[in-house]
Amino acid sequence: MTELEEAMAELELLVAYICRQGLQLDGKLLKDVLRIKTEFYEQKTLSEEDEAAFWQYFNALVKQVAPASVVSIRDSNPSHSWQARFPKQFKQVHRIPLYYGLLVCAIIVLTVSLQTYYMVGIGVIHKTHALFAERNEFREKLQVLSLNPSHKASSEWLAIKRKEQELDQEFDANRTLLLRWNTYWRLGFSHEVTISEFDKFKYQQNKAKLTAQLDFITEQPRSHESAQQITQLKDKILELDREFVLHQARQAFFDSRLSAEYVVNLLANYILPLLYGLLGALTLVLRNLHLDFKRGTFSKKLCLDYNLRILLGGVAGVSSSMLMGEGTGVPQGSYSPMLFAFVLGYNVEIMFALMDNIASRLGDKKA
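Residue numbers for the sequence shown follow my numbering, beginning at 1 and rising by one.
Okay, derived cross-link-like pairs now, SDA-like style, lysine to any residue, Cα gap no bigger than 25 Å in a straight line: (1) K294 / L98; (2) K63 / L13; (3) K163 / S146; (4) K301 / G101; (5) K209 / S223; (6) K200 / Q251; (7) K31 / A16; (8) K234 / N206; (9) K234 / Q204; (10) K28 / I18; (11) K161 / L131; (12) K294 / Q92; (13) K207 / V245; (14) K294 / C105; (15) K200 / Q213; (16) K91 / G296.
The hints are simulated quantities; they were obtained by calculation from the structure and are not laboratory data.
Model the full assembly from the supplied sequences, consistent with the hints where possible.
Below, the structure written as structure tokens:
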């Protein structure tokens, strides 16, 4: 199909759109262009004069439907006859809002889930840290009071002991929740706590020394004194094992807390800003889709612009933490970082303006 034949087919679409929208239409122009169209279909050709006139008339009709265009009318607002001729194209175009809508729903679900996971992690980390410090403080008070045997029966000692036990139970509950929280980002895989080789060597050496002493005394003739020594050595071995297990438990706790802090920082500085930037860009895309379909200005070519806008929104979201640093001119404390990432995703031109501002400042400093 030549360009002239394609324009002849699109002529009906333009005229029908102008009439349906109630736009002004010059009767003489319409009469002349229809005469040229009839002549073309009858003779399969046009004279140079008629073809030049046709393109002028066609250009005038295209200007009259602006901001819509032939392509946008064909894609988003075709007549019923045009839909019947190109049903596949019509269905593809009208599925595009559905695709972007489903993508928005998926991003919202993922963002809300990770935001909830992030908030729970922040709360558990801070609560566990506070309980650990407070419990140790009460244990130190108990050790000081225990130096004086007469204080063990006092009301102060009993109150501190009761509070220490409550804090210990609450700490264990939060520690268990912290371990469970870490299980999700580890995808259910268990994490084995690694004890340093020096700690293992020291524990094995001490236990071997005590075991050797116990074996030596056991082989000697039994006496009251040797029985006491055997009991003391067994107690020391049990205490050594208990301290090693306690060291493993503390190592697991500190490892879990440190890992959780890294994951929380990763969520706060990269993953959540990325999602909020994508969500802001998708919000703008859906808004533009609605307006383009309403005005009849949508065409499939705009999907490339929409996709690039979404990618730039993600980049803007990730860059928001850097753009909100000191010396960038962005007010801090007044806005949530996630809100800033969403706004940057919605309007990436703000990010470009801030980057130009930073680049100009760096250029001034170098000069």
